Amino acid sequence: TPTCTATPVITCAVVTPTPGGALFTRPLHCGAAASWPTPTPTITPIPEEFQPPDRNGLPLAWRPFEPRGNPAPTPPWPTILVIHGGGFWRGSPFPDAADETQNIIDVANDLADAGYYVLVVAYRLAPSGLIPGQTRQDDAHDPNHISGFAPYQEYDVEALVKAARRDPHVRGRKVGIIGGSAGATHAIWAALDTREDDPGVWPEWKPVYRPDAAVALSGVYDFSDRTPEDYLVWPEGGDPVETLRKDIENYALTNHPVVQHNLSPVHLLELNTFDADHVNPMQIYNTRHDNVPYHQIIDLQCALEAAQVSPERYTITTLTDEEHGICESHSFGFWDAVKGRVIKFFNQHVKQ
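Numbering (the numbering used here), first residue to last: 1 to 352.
Hints listed in this document are in silico derivations from the structure and should not be mistaken for laboratory results.
What you are looking at is a predicted structure, and each value in this text was computed from that prediction instead of being measured.
Ideal Cβ placement from N, Cα and C applies to all residues, glycine included.
Accuracy of the hints is not assured; some may be wrong.
Claimed, not checked - Okay, derived cross-link-like pairs now, BS3-like style, lysine-lysine, Cα gap no bigger than 30 Å in a straight line:
| no. | residue 1 | residue 2 |
| --- | --- | --- |
| 1 | Lys-344 | Lys-174 |
| 2 | Lys-162 | Lys-339 |
| 3 | Lys-351 | Lys-339 |
| 4 | Lys-206 | Lys-174 |
| 5 | Lys-162 | Lys-174 |
| 6 | Lys-162 | Lys-206 |
| 7 | Lys-174 | Lys-339 |
| 8 | Lys-351 | Lys-162 |
| 9 | Lys-162 | Lys-344 |
| 10 | Lys-344 | Lys-206 |
As the list claims (entries may be wrong) - What follows is a list of derived Cβ distance ranges for each label pair:
| no. | residue 1 | residue 2 | range |
| --- | --- | --- | --- |
| 11 | Thr-74 | Thr-227 | 42 to 52 Å |
| 12 | Lys-246 | Pro-73 | 43 to 53 Å |
| 13 | Pro-75 | Lys-339 | 15 to 25 Å |
| 14 | Lys-339 | Pro-53 | 35 to 45 Å |
| 15 | Glu-312 | Lys-339 | 15 to 25 Å |
From just these sequences and the hints, can you work out the full model?
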């Protein structure tokens, strides 16, 4: 249960509680799907020096989208990494309605049209349902960390940020990051991780490597929070807290709440190494009836307040489904509702 009394700032519409505390099932409000001339899909492994050790192949890769313009801009370019979601166990840099990435190419095209070099990335995934209900196994089943259990996915994204900064298309320019769902979790982790030269931890990391600006859509920030919600998720009618519990136990390899919390982005704000005075700008979004439990955004706001991070360094916004006619009120599904302010945010903090 959140310990602070603050609630996310709702800039779009006032949310009224569900009468009588009844469960809410989100109605369908769909607009026309965007149509984009998507380039032939290609994916490129990042250089071997940034790949994880003891791996099987080259698991870290990205799909590049060059910035558009007339005349076409010349590199190096300001760059945005786009991080897909998928419950930590599915998803890819390619659109697929089954794995929450159906809108990801619209995001990449919009950002490329705005003048950014866009890298839609691939990271290691946790296998589905391998360890339901089990406690931590010390990776005995996966000694080479081929699968992306916590915190390996976060570390993969940090390695991708480092690789982007060294890429000849990018070198010397700023790098932003945007993630949806699990990808939002990883984006905020990279934004808040102020560890420096942690012995024995891959990748080698310094605060200066952090993205210059981060945007999170429907992220999970405290893996241990089981605060009940007053709604069901459309269209399946499932309990968002129960769905998250299963995904987190599969990703974190444990059902122990303390261990889950310590593997969460909010825990980074509790470490004595965290530097609240040097947090790069962040925009954090969810919807009031999100697939990810609504209280996750409150968890992050409470943790930022407790760490005394200046409110000037972040904005937290909850959107309402009904006000915006959002078809899928989760992750990149509400991209059209926020893309104007997200691009403006990146223009201010990444393009300059």
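Hints the structure violates: just list their numbers, smallest first. Of the numbered hints, all hold.
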